[in-house]
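Q: Chains as they are written, first to last, in my numbering: chain A, 4 to 441; chain B, 89 to 498.
Treat the hints with care, since some could be wrong.
[Claimed, not checked] Each computed EDC-like pair below joins lysine to aspartate or glutamate, with the alpha-carbon atoms no more than 20 Å apart:
| no. | chain 1 | residue 1 | chain 2 | residue 2 |
| --- | --- | --- | --- | --- |
| 1 | B | K206 | A | E78 |
| 2 | A | K162 | B | D351 |
| 3 | A | K121 | B | D354 |
| 4 | B | K247 | A | D251 |
| 5 | B | K353 | A | E211 |
| 6 | A | K121 | A | D184 |
| 7 | B | K353 | A | E210 |
| 8 | A | K237 | B | D245 |
| 9 | A | K55 | A | D184 |
| 10 | B | K339 | B | E329 |
| 11 | B | K405 | B | E493 |
| 12 | A | K121 | A | E211 |
| 13 | B | K353 | B | D368 |
| 14 | A | K237 | B | D209 |
| 15 | B | K353 | A | E78 |
| 16 | B | K261 | B | D209 |
| 17 | A | K166 | B | D202 |
| 18 | B | K206 | A | D76 |
| 19 | B | K206 | A | D251 |
| 20 | A | K166 | A | D115 |
| 21 | A | K121 | B | D351 |
| 22 | A | K98 | A | D146 |
| 23 | A | K237 | B | D354 |
| 24 | A | K237 | B | D194 |
| 25 | B | K247 | A | D246 |
| 26 | A | K166 | A | E211 |
[Claimed, not checked] Ranges between beta-carbon positions, derived for each pair:
| no. | chain 1 | residue 1 | chain 2 | residue 2 | range |
| --- | --- | --- | --- | --- | --- |
| 27 | B | Q158 | A | P112 | 20 to 28 Å |
| 28 | A | R45 | B | G378 | 22 to 30 Å |
| 29 | B | L461 | A | Q433 | 32 to 40 Å |
These aren't lab readings, by the way, just hints derived from the structure by calculation.
Only a predicted model underlies this, so the values are computations on that prediction, with no experimental measurement involved.
Just so it is clear, CB atoms sit at the ideal spot from N, CA and C, and this is done for glycine as well.
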Amino acid sequence: MFGYYLDLALRSLKRNPALTVLMVVAIGFGVAASMITYSVFRAVSGDPIPDKSAQLFTPQVDSWGPQQSFNGDGEPPQALDYTDAMALMHAHAAKRQTLLYPVLLSVMPGGDRSLPIKANGYAVYGDFFPMFEVPFRYGSGWDATQDESRAPVIVLSEKFNRKLFGNANSIGREVNLDGHDYRIVGVTRHWNPVPRFYALYGSSGFEEPADFYLPFTRALDLNIGTAGNNSCRKAAAMHGWNDWLHSDCVWITPWVELDNAADVARYRNFLEGYSADQQRAGRFNWAPNVRLRDVVQWMAYMHVVPPESRISLMVSLGFFLICLVNTVGLLLAKFMRRAGEIGVRRALGASRREIYMQFLIEAGTVGLAGGLLGLLLTAVGVSGVGLLFRPEIARLAHVDLSLVALTLAVAISATVIAAFYPTWRAANVQPAWHLRSN
Amino acid sequence: MQIQPIVAALRHHKAGTVLIALQIALTLAIVCNALFIIHQRLSHLSEPTGIDEANVFVIASQWAGQRSNQQIDAQIQADLAALRQLPAVRDAAPANSYPLRGGGWDNFITMKPDQVQKTTDASVYLSDTHLIDTLGLKLIAGRNFRPDEIEPMGVRDNKTPPVAIVTKTLADKLYPDGSALGKTFYTMSTTPTTIIGIVARLQRQEVDSWSRDYTYQAMLWPRRLDMSFGIYYIVRAKPGELAAAMREAPKALLAQSRMRIIDPKDGVLSFAQVRHRAYDSDRGTAILMGIICAVLLVITGAGIIGLTSFWVGQRRKQIGIRRALGATRRDILRYFQTENLLIAGAGVAVGAILAVGVNLWMMRQLAMDRMPLPYVLAGIIVLLLLGQGAVFAPARRASRVSPVEATRSV
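Whole structure, please, built from the sequences with the hints as guidance.
A: Spelled out as structure tokens, the structure:
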């Protein structure tokens, strides 16, 4: 029966080529616009570390006072100053913890390179690697004793290792950054969680992957300043590194790993207690104002999803909805035009169910054709998405198997759902009425 | 033209009528919001920065290897001397940043040293006596910096200068009566800064929405910033020699010292490129909205053509009877046009409410601005015209139905 209905459907669609083309084009464009914007949206809004995002938290401590908050909303600063960061680190109140800030260094000429090249990385603690589940190709991160001894060690990314050492196992070799030697202890596999949830302060979260990670303690010893945001409040003259370290400038992002609700509550108490201590000591003259956001909450608070991505998706979905309304109208016209034919079929013994089958298969055929066109347009659109979004965001959009499947599934199911009303009308055609008029 | 018979006829096509009206309503809601988004995005694109954009380019030079502040400062002075000697270059200046770079240094400004809440916010440009000529700024009051006022400053220092040049917008913000020249303000410092000059216009470094209120609030400090990782050189080419200057300048810098990194991809940017990058997400959103609007209008128009054609086909006999009873071709044409006007009218009425609703929802969810009513009015006119245009072809076909049809049995 399916084959027969399919044959009927194709005949019917051929009878009004213009209407058929219009329906297919409408569904094709509607689904393509939705899928192109969705491919960007899913890339920027996804959970970058799904199995651990509920256990990773970034503590915030109000070191500026409610009157000095960034947006005037009483929220604490989005990063820590050196004093608070060190205090949290030394208190060791969580299972694992790290501080981090971005650094920009250069690799001196050597080998066949006559010019220096630049390298982006982060200054982090050893816990960074297990906390964020960084995969290693060679070696590993460093441990707490190396943090304490301010060891000149470094972890390179796979790509950076390839650039410097051509993919060789470089463990134990030295690399010179800005005139200082570091011993390579690890090379990561490709690792670039998107958005880069762990370093959102002063960043969109979509930059090029990091080249290296070096010990926070070592970086401070070498007076390597932050390459990211540095925001200050107090009107105080500063002269050099030490004044800056002990100023109220915030530039350090802290992360802690907390396994369960009890640990989270305990850590929150610890933060409150710490702030209360600072108030008693006279460093803060305001009540404790702390936050402890997990990965998903932090990304939402930092507005990681670019507004244009959300707006584009919403408008595209609205567009698709209109295309479907258009399809409902056209299918209705098409089906009702065949009221006579339906009347004859019903009179000859076809059940309503069979009429449903016949017309839903016809709608499904339109949906499939629309889906295939949509797929084509999506592929074209995703390759041209650089015109529509910032380059750093556009390069995240790609067509994969799940997007292909989703495009077809959405096109067919949406068209079939849109066909329910016209089909219901067709199935309710009164045979007697139509037979009489003929 | 009698409306009653049209309404009566439409009652027989309830579903089709409702669907067309709904499609028109939704199209109106989307189109006017999309047009509003397009206008909002594009209006920033053409905001002038206040600088000589045609001839200015920027070089980002990162230092390789650790150097002391004194070494960096000496290198900067040598680099600048080399740049200024190039035949295609009119002038060059060091800077911490430049307009539309997408982020940079900004300071709170207060009128008193102990004031907790800021009066306003301003972008900070640190440079020497050459910045005004290099950017092509118009000094409308006061004077430029003197060479003896320029001091080097480390990136971890906060040495607020005793004098500054501000934009007119900032001057008017601080002293609305126009008396800013020679007056003082405080900028995250316990010592005052005196306004010695006012430039007509200079845009900020970032284009983020939070800074929109401060777009033209900027100040120039007489400081050469010795950033440990690098510096920006702003260069103004002689008229017509931008390409030559952009070719020569990086070579001249590498000849001064090879221990630097000028990124081959974006180390040297003409100001046109800077502007292009600053607004690429705005431009992209506008393009996407434009494409969606256009396709949407085509599909809605085609949908109206399709449904009306179907109705015409269905009513051939009735049309024949009307023609046989004396209706002119014009009457038939009018009939379908009026019918469409009624449906479209109902559609845009609902659509106008929907459009405002969508806008209110976007204001809440996506921090959009309120859409002015003219957008809705423009949308209504566009959709009514679209409906009339779309219905014309099928209506004309209907008007050509011969009266003989009345006598046919089907």
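Q: A separate judgement is required for each hint: does it hold in the structure or not?
A: How the hints compare with the structure:
{"no.": "1", "hint": "K206(B) / E78(A)", "in the structure": "17 Å, holds"}
{"no.": "2", "hint": "K162(A) / D351(B)", "in the structure": "18 Å, holds"}
{"no.": "3", "hint": "K121(A) / D354(B)", "in the structure": "13 Å, holds"}
{"no.": "4", "hint": "K247(B) / D251(A)", "in the structure": "16 Å, holds"}
{"no.": "5", "hint": "K353(B) / E211(A)", "in the structure": "13 Å, holds"}
{"no.": "6", "hint": "K121(A) / D184(A)", "in the structure": "16 Å, holds"}
{"no.": "7", "hint": "K353(B) / E210(A)", "in the structure": "15 Å, holds"}
{"no.": "8", "hint": "K237(A) / D245(B)", "in the structure": "13 Å, holds"}
{"no.": "9", "hint": "K55(A) / D184(A)", "in the structure": "34 Å, violated"}
{"no.": "10", "hint": "K339(B) / E329(B)", "in the structure": "16 Å, holds"}
{"no.": "11", "hint": "K405(B) / E493(B)", "in the structure": "6 Å, holds"}
{"no.": "12", "hint": "K121(A) / E211(A)", "in the structure": "13 Å, holds"}
{"no.": "13", "hint": "K353(B) / D368(B)", "in the structure": "17 Å, holds"}
{"no.": "14", "hint": "K237(A) / D209(B)", "in the structure": "15 Å, holds"}
{"no.": "15", "hint": "K353(B) / E78(A)", "in the structure": "38 Å, violated"}
{"no.": "16", "hint": "K261(B) / D209(B)", "in the structure": "10 Å, holds"}
{"no.": "17", "hint": "K166(A) / D202(B)", "in the structure": "53 Å, violated"}
{"no.": "18", "hint": "K206(B) / D76(A)", "in the structure": "14 Å, holds"}
{"no.": "19", "hint": "K206(B) / D251(A)", "in the structure": "17 Å, holds"}
{"no.": "20", "hint": "K166(A) / D115(A)", "in the structure": "11 Å, holds"}
{"no.": "21", "hint": "K121(A) / D351(B)", "in the structure": "8 Å, holds"}
{"no.": "22", "hint": "K98(A) / D146(A)", "in the structure": "14 Å, holds"}
{"no.": "23", "hint": "K237(A) / D354(B)", "in the structure": "35 Å, violated"}
{"no.": "24", "hint": "K237(A) / D194(B)", "in the structure": "14 Å, holds"}
{"no.": "25", "hint": "K247(B) / D246(A)", "in the structure": "12 Å, holds"}
{"no.": "26", "hint": "K166(A) / E211(A)", "in the structure": "15 Å, holds"}
{"no.": "27", "hint": "Q158(B) / P112(A): 20 to 28 Å", "in the structure": "23 Å, holds"}
{"no.": "28", "hint": "R45(A) / G378(B): 22 to 30 Å", "in the structure": "24 Å, holds"}
{"no.": "29", "hint": "L461(B) / Q433(A): 32 to 40 Å", "in the structure": "48 Å, violated"}
The structure fails to meet hints 9, 15, 17, 23 and 29 from the earlier list, while all remaining hints are met.
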